[in-house]
Amino acid sequence: MNESTFQGQQVVTDTQSHVHDTHHEHHHHEESFISKYVFSQDHKTIAKQFLITGMIWAIIGGLFSVLFRLQLGYPEATFPFLEDIFGRWAQGGKISPDFYYALVTMHGTILVFFVLTAGLSGTFANLLIPLQIGARDMASPMLNMLSYWFFFGASVVMFASLFVQTGPASGGWTIYPPLSALGQASDGSKIGMDLWLVSMALFIVSSLLGGLNYISTILNMRTKGMSMTRLPLTIWAIFFTAILGVLSFPVLLSGAILLLFDRNLGTSFYLSDIVVKGEILPNEGGSAILFQHLFWFLGHPEVYIILLPAMGMVSEVMSINARKPIFGYLAMVASLFAICVLAFLVWAHHMFVTGLNPFLGAFFVLLTLLIAIPSAIKVFNWLTTLWRGNLRFTPGMLFSIGFVSLFISGGLTGIFLGNSTLDLHLHDTYFVVAHFHIVMGVASFFGMFAGVYHWFPKMYGRNMNNTMAYIHFWITLVGAYLIFWPMHYQGFSGMPRRYYDYANWESFKQFIELNRFISTVAMVVFAAQLLMVFNFFYSIFKGRKVTSENPWGANTLEWTTPVNPGHGNWPGEIPEVHRWAYDYGKDGRNFIPQTEEVSEHESKH
Amino acid sequence: MSGYFILAILGLAFLVVFQIAKASEYVSVLKGEEKTFQQNNRINAFLFMAFLVLGLIGAYWCNELFYDKTLLGKPSASDHGEKIDVMMWMTIAVTGVVFVITQILLFWFSWRYQYTEKRKAFYYPHNNKLELLWTVVPALFLTVLVGFGLYYWMGITKDAPKEAQVVEITGKQFNWLVRYPGKDGVLGRKNYRLTDASSGNALGVDWEDASSHDDVEVSEVHLVVNKPVKFVINAQDVIHDVGLPHFRMKMDAVPGIPTTIWFTPKITTAEMKKITGNKDFVYEISCDQMCGSGHYAMRGIIVVETQEEYNAWLSDKKPQYVTVKEAAPAATPAAAVDSAAAKPIAAVK
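Respectively, the protein sequence lines represent chains A and B. First residue of the first sequence? That's 1 in my numbering, and the numbers climb one at a time after it. First residue of the second sequence? That's 1 in my numbering, and the numbers climb one at a time after it.
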């Protein structure tokens with residue numbers, strides 16, 4: 001949508017209701033429910049759609065983890081209510097191995113793709129790009145709408161796969177063939193796997209439509225004066241995220257399609273020399289490892305697709321609430337860029353023990369550990385941003401600080417795993433589980449929570465309840481460490497991940513009490529997330545109304561819009577930008593919005 | 001019943017939290033937003049400090065509780081594992097120092113620079129010297145870690161010594177099949193299309209290849225202490241992984257693509273029982289790559305023993321070829337008189 005077509009909110013509503021009236025007989029001056037809330041092309045509504053769909057998925061995915069933690073924490077116990085709900089999947093109140101693996105697989109798939117990719121970057125890219133760069137909407141609101149509806153389609157297919165007779169995919173979220181290619185090898189590799197692949201194909205389409213839109217919007221639709229170096233770090237982070245997604249998701253799509261061929265058309269891309277359950281298969285010449293290359297070429301950038309937007313939001317929220325500029329803006333952008341480039345060059349560090357040529361592996365060790373440098377720069381810059389600030393602990397700020405703590409903890413364990421020598425010992429143990437849950441799972445969630453609490457007033461014109469937010473934060477931070485910190489010790493014992501039961505293992509059975517403890521904490525933390533969800537929905541309708549346009553005293557453009565901005569965002573002209581986004585505490589002034597012209601008396605920096 | 005009870009308690013807890021949260025909102029309106037904000041800010045700043053102190057104590061306590069249950073304090077059972085342990089401690093030391101310093105700074109700053117009306121935030125947008133400092137210092141430390149890591153990696157992954165005992169391990173859903181090459185030291189050729197477990201050829205060995213005739217198929221791996229061993233690793237159906245936690249080694253088993261690892265076992269099973277103080281101790285092979293519903297039960301056993309014990313163990317093992325031919329003498333009468341293969345195998349030196 002072109003700027004010139006919008007002279008103000010009034011005009012927008014008028015044009016749209018005119019268009020509307022020609023299609024409908026009755027007269028009214030509101031958009032219809034369908035075009036306003038369902039097939040909306042307003043980026044803010046699409047953002048909310050992504051967020052709420054993501055939250056629903058997060059509850060499902062989180063609940064799955066509670067269920068499989070029941071098995072891990074209480075392997076001897078039976079829970080009759082499980083049989084009432086799940087029938088033969090939990091006969092006698094005990095989760096069956098097939099069910100366990102289906103839960104583990106869907107937990108990973110849902111949280112990585114549907115919650116932390118769509119729910120996180122889908123939400124905040126849509127919400128923040130037009131608002132923070134000063135645009136009426138995305139470059140193509142239509143594609144934007146389609147992006148959500150493809151995601152919705154992917155969600156429907158994935159949700160349906162939970163209910164098929166043989167169960168959903170159950171070979172791990174990484175769906176390595178041949179396990180995922182052969183229905184004979186596992187029930188989860190029957191129709192559930194086809195649905196998984198179809199769902200993922202739809203998801204990738206959604207992600208590409210969104211990503212291309214984000215990139216073109218950021219490059220072309222910035223308001224006057226908004227040079228790239230004046231962009232808030234959120235936008236930079238989303239920009240690099242979109243580039244990562246656009247370049248890597250197609251590779252996963254190709255991998256998924258070849259897998260569909262192997263499954264249904266008798267090809268042998270990934271299959272060779274296979275005897276499964278006594279049946280000799282005709283496939284020869286394929287390589288199971290090829291899939292892993294294709295998968296991780298997306299799979300590794302994917303973890304940065306999840307993490308970068310969180311980093312961007314944390315930088316923004318932290319600077320605002322420290323009342324101090326983000327330290328080293330250009331270094332922050334440069335490190336995002338470095339991470340973005342390196343993200344493409346490290347995928348084989350997931351494959352050190354697949355028989356990968358050790359010489360080739362050496363390069364991946366080097367490139368992987370290089371990522372620690374931009375990560376270190378970011379951490380020290382965040383620390384320096386806090387230093388001598390005047391910190392306001394809003395819920396968004398609490399989660400931003402929590403993010404940094406988790407990013408440090410989980411990032412440092414990456415130095416273990418990226419080193420192939422140590423990976424020989426730690427690969428696929430609980431050390432890995434601890435590492436990626438802390439650094440990309442919980443940390444990204446913290447970034448997302450920071451974003452939700454911080455921008456909720458912009459989304460709904462109301463405030464969330466602070467007390468519930470504080471309780472949510474402290475339970476989640478403490479709980480995350482209680483759950484994942486001891487898992488490093490399980491990893492140090494070589495305890496493999498994705499085991500249904502450890503009772504028969506002389507080497508791993510010593511952790512039963514610990515597993516029980518972890519499971520109990522996981523349930524408490526899950527309950528705290530429900531509190532957050534409740535707070536969210538309650539506040540949409542009953543939260544205290546926001547009275548000021550700029551409740552946080554922030555510099556960026558979204559806080560120059562009305563409390564409840566209409567489609568088109570600014571009722572009048574789009575504001576012009578005169579400075580970067582981080583003039584907090586400059587020349588003794590609390591904050592200087594980006595729209596304020598630089599006066600000649602201002603000090604230089 | 002207890003399920004509903006827990007649900008009821010959860011529901012009540014929610015209600016209580018919600019009521020408190022609502023009430024605190026009203027109180028904040030009555031007391032004044034600014035005052036409430038300052039109060040909450042102080043509480044959260046205090047909690048950050050408390051979290052730091054209790055967290056560090058907790059990390060120490062966690063170590064006390066679990067250190068002995070890990071392999072960290074136990075000697076590695078292989079020579080490669082010893083290098084891996086050195087690398088591990090080096091990395092723990094470096095990352096541990098960084099962890100403690102950065103976490104202390106993070107939470108201490110959060111507490112120290114909490115909002116007060118008196119202070120103005122310090123306008124400090126950038127400092128190139130600092131940026132350079134925390135680019136170069138981490139880079140130096142990483143260079144050391146990468147350097148040692150690759151040095152060990154190259155040593156561990158180089159070709160196995162010629163005298164290494166060859167053992168073939170094949171993963172299938174959900175157990176491990178083990179084959180020894182016999183006296184000739186050569187594993188017989190395989191063709192997966194010949195696989196037929198019911199007629200005794202579970203591995204698909206091509207009996208046409210004479211070097212297969214002395215190959216022994218067993219269910220346990222036996223290794224001689226201080227003698228290098230090379231595992232040739234295969235899979236029949238899906239990807240598995242030979243996980244050897246006590247030897248600190250791991251390698252995927254991939255259908256169609258044989259992989260190898262080698263190492264020298266340093267400690268016999270009997271010695272390890274003494275070291276760990278666990279009379280049931282046994283070296284286990286864990287499947288470390290998700291392979292289906294029985295993944296968690298795909299357990300193999302390795303026995304490390306002296307040369308004499310090993311010889312005794314192997315002496316009564318009959319080559320699989322012989323077993324198969326004895327079972328079906330009518331089909332191939334020639335097999336029974338294959339004297340070279342029929343003799344019990346002498347110990348492989």
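Simulated from the structure, these hints should not be mistaken for laboratory data. Mixed in with the good hints, there may be bad ones.
[Stated by the list, open to error] In silico EDC-like links for lysine to aspartate or glutamate, alpha-carbon gap of 16 Å or less:
| no. | chain 1 | residue 1 | chain 2 | residue 2 |
| --- | --- | --- | --- | --- |
| 1 | A | K509 | B | D280 |
| 2 | A | K545 | B | D280 |
| 3 | A | K545 | B | D316 |
| 4 | B | K183 | B | D316 |
| 5 | B | K69 | A | E576 |
| 6 | B | K273 | A | E506 |
| 7 | B | K279 | A | E506 |
| 8 | A | K277 | B | E33 |
| 9 | B | K120 | A | D587 |
| 10 | B | K227 | B | E163 |
| 11 | A | K542 | B | E25 |
| 12 | B | K162 | B | D184 |
| 13 | A | K224 | A | E576 |
| 14 | A | K224 | A | E513 |
| 15 | B | K227 | B | E309 |
| 16 | A | K509 | B | D68 |
| 17 | B | K318 | B | E163 |
| 18 | A | K586 | A | E596 |
Structure-based check of all given hints:
no., hint, verdict
1, A:K509 - B:D280, "holds, 12 Å"
2, A:K545 - B:D280, "violated, 66 Å"
3, A:K545 - B:D316, "violated, 84 Å"
4, B:K183 - B:D316, "holds, 14 Å"
5, B:K69 - A:E576, "violated, 62 Å"
6, B:K273 - A:E506, "holds, 12 Å"
7, B:K279 - A:E506, "holds, 11 Å"
8, A:K277 - B:E33, "violated, 69 Å"
9, B:K120 - A:D587, "holds, 10 Å"
10, B:K227 - B:E163, "holds, 8 Å"
11, A:K542 - B:E25, "holds, 12 Å"
12, B:K162 - B:D184, "holds, 14 Å"
13, A:K224 - A:E576, "holds, 5 Å"
14, A:K224 - A:E513, "violated, 61 Å"
15, B:K227 - B:E309, "holds, 14 Å"
16, A:K509 - B:D68, "holds, 13 Å"
17, B:K318 - B:E163, "violated, 23 Å"
18, A:K586 - A:E596, "holds, 13 Å"
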